[in-house]
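Keeping the supplied structure of chain A fixed, place chain B upon it in accordance with the hints.
There are 2 protein chains.
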Amino acid sequence: MRITERQFVELIRKRAPSAGGGATVAGLRHGLRQGIGDDCAVLAHTRQRDLLVTTDLFLEGIHFRREWQEPASLGHKALARGQSDIAAMGGIPRYAFLSLGLPRRTGQRWINEFLAGFLRLAAASKVVLAGGDTGSSASGFLADVVILGDVPRNQAILRSGARPGDEIWVTGTLGTAALGLAVLQTGGKLRRSHAAFQAFCYPEPRLRMGRYLRQRKLASAMIDLSDGLSIDLARLCEASGVGARIVEASLPRLAQTPLRHALHGGEDLELLFTVPPERSPELPRRLGGVPFTRIGRITLERKLWLIRDSSKIPLPILGFQHF
Amino acid sequence: MRITERQFVELIRKRAPSAGGGATVAGLRHGLRQGIGDDCAVLAHTRQRDLLVTTDLFLEGIHFRREWQEPASLGHKALARGQSDIAAMGGIPRYAFLSLGLPRRTGQRWINEFLAGFLRLAAASKVVLAGGDTGSSASGFLADVVILGDVPRNQAILRSGARPGDEIWVTGTLGTAALGLAVLQTGGKLRRSHAAFQAFCYPEPRLRMGRYLRQRKLASAMIDLSDGLSIDLARLCEASGVGARIVEASLPRLAQTPLRHALHGGEDLELLFTVPPERSPELPRRLGGVPFTRIGRITLERKLWLIRDSSKIPLPILGFQHF
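Quick note, the sequences are listed as chains A and B, same order. All residue numbers for the first sequence refer to my numbering, where the first residue is 1 and numbers rise by one. All residue numbers for the second sequence refer to my numbering, where the first residue is 1001 and numbers rise by one.
Excised from the complex, chain A in its bound form:
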């Protein structure tokens, strides 16, 4: 029998104590502001800051194959995925914890390169590797990455704040990582400088953009695009109790990127966020070279629609499901 990630989250949610409002008391007790079901857990930390915690599993054969990527790229992505969760709350990553399960035949050189990729990104984003665990794995390589970050108190941007009428925006381009994967998994070659190689092998977590949106209080809700636009938009809408219309022609994508990758391709690590319409004129066109693009609007009707030319079709939800 298989369960979906969503069913699993529901299962835990039903059994675990619910998140409370959470006054800051001595220690961490009673300080859970946001529990299971957002990009990060939000814990009361000090009077000024909340703590963000995210955990990301990275499993060979499920999330990646070693044939498609060099080890440094896997180390980079293992960390980037978690940093993207922190970015999606508007937070600042501080500490990483790396747990590794290594198949018995893993070479020292492979491990060194994996760690080099991980630590290069950590240094670039001023994240300290503070601990972890290791074991040998009976089958494939696996990593579990935990990141601790923080954010000013009560200012984490949740998935649940989108309101009807809000505009829907994304950073960067959509489907570019899926384009890179499609080339590499069929044995094709990509120059290292190609946008699709970079997007798939060395995606840059949008920390600066997330922080910018939080500091200016421009985003009413936010999520990172790890599993694909359609599924991650559905998650944001469900958490907010709303629906959405997406305009097909507005989706930012490379000329070579098929529409299906822009709609459903995973691992872009871009940010998807909503902005009250009166605030959107304050958004810059780009930040650090990365464009912001408006792609649709939040609706009261709790359905997802794709606007193609002048017709309206139901948006299929086909993003990457881990089960």
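Watch out, some of these pointers could steer you wrong.
Said to hold, decoys possible - To spell it out: a stretch of chain B is covered by chain A in this simulated footprint if at least three of its residues, at any positions, have a beta carbon under 8 Å from a beta carbon of chain A; those stretches are:
#, region
1, 1061 to 1073
2, 1087 to 1101
3, 1125 to 1135
4, 1141 to 1150
5, 1184 to 1193
To be verified - If you want the footprint, here are the derived chain A segments under chain B, 3+ residues with CB under 8 Å:
#, region
6, 59 to 68
7, 74 to 84
What the hints assert, rightly or not - A few chain B residues facing chain A, derived, Cβ under 7 Å:
#, residue
8, 1055
9, 1056
10, 1057
11, 1138
12, 1307
Just so you know, these hints were derived from the structure itself, not from any lab. Everything numeric in this text was worked out from a predicted model, so none of it was measured. Built from N, CA and C at the ideal position, the CB exists for glycine as well.
Chain B in isolation, oriented as in the chain A frame:
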């Protein structure tokens, strides 16, 4: 090529920024008091408290086999292992994060029972399940458990504080979990009430004892016995730059427990700690029904000896190595 856990820790330590003294500044930055190489990472948290973080991998085929244990026991142990790391710092566990890799055929009932075991122990120790991740695993079941806890500032009990002349103490009995495993893995039966069944399937993390020792400042150094007395004692001695003599006749064990299990058996989740001799009269004989037993003494000479009758033999280090 295989690497040992110790080599891996060294590899990361060389490449990662070192732990600093760490003033408490806004957020978590610059607050790493103790990084890789102790039971938990210790982070500056508030003016009053430090944060403890521990991550524990729990891999089928490496750390456990499903044939030997019911799922509720595995859920219990997945959490107990991390709680034991918090106990070994004298800390209080607050939040748990559970990442699960589930083989595609895992039944709903199996998962429910695993979670029930996990959540029963969480509730008993007032730990909140605050998040996690799930994925399907291409091979065996795996769990990675992260626990956040806290401790009054600068009061975490490290592995590195043992001094020559300090007495060596343990909680509970040694080798009882290994005895349980030995029976179960050969297809034998144990009554649920048998101490060896409880020690192997439902070990109780020594949170109360760890906290007691920290509050009274009785322990100069502490570690939990997860991999076996000989290897965990070697870790404590190495971190402290000291050696030790252990008196064979003093090791607390059940009548049925072979000496080799008491010396080298893993997963007892008891605490091993050192006490300055002038403070040991303040130790109670037992706490919550669990005895404290003196088993040896810390030495200036950096070697490990086993005192048998009136002779002295080198203590072999045979504990469980994850590689």
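Right, here's what the structure says about each hint:
1. Under a criterion of three residues with beta carbons nearer than 8 Å to beta carbons of chain A, the stated coverage of the region 1061 to 1073 of chain B is upheld, 3 such residues being counted.
2. Note: the region 1087 to 1101 of chain B has 8 residues with beta-carbon separation from chain A under 8 Å; the three-residue rule is met and the coverage holds.
3. Residue count for the region 1125 to 1135 of chain B with a Cβ under 8 Å from a Cβ of chain A: 9. That meets the three needed, and the coverage hint holds.
4. Requiring three or more residues with a Cβ within less than 8 Å of a Cβ of chain A, the coverage given for the region 1141 to 1150 of chain B holds, as 6 such residues are present.
5. Note: the region 1184 to 1193 of chain B has 0 residues with beta-carbon separation from chain A under 8 Å; the three-residue rule is not met and the coverage is violated.
6. Check result for the region 59 to 68 of chain A against chain B: holds, 5 residues qualifying (beta carbon to beta carbon below 8 Å, three or more required).
7. Check on the region 74 to 84 of chain A: 0 of its residues sit with their Cβ under 8 Å from a Cβ of chain B, so the three-residue criterion for coverage is violated.
8. The closest approach between the C-beta of residue 1055 (chain B) and any C-beta of chain A is roughly 5 Å, which is under the 7 Å cut-off, so the hint is satisfied.
9. Interface restraint check for residue 1056 (chain B): the shortest CB-CB distance to chain A comes to about 6 Å, inside 7 Å, so the restraint holds.
10. Against a cut-off of 7 Å between C-beta atoms, the interface hint on residue 1057 (chain B) holds, since the closest Cβ of chain A lies about 5 Å away.
11. Because the smallest distance between the Cβ of residue 1138 (chain B) and any Cβ of chain A comes to about 4 Å, under 7 Å, the interface hint for this residue holds.
12. Taking 7 Å as the C-beta contact cut-off toward chain A, the hint placing residue 1307 (chain B) at the interface is violated, the least distance being around 34 Å.
The structure does not agree with the numbered hints 5, 7 and 12 stated previously, though it agrees with the rest.
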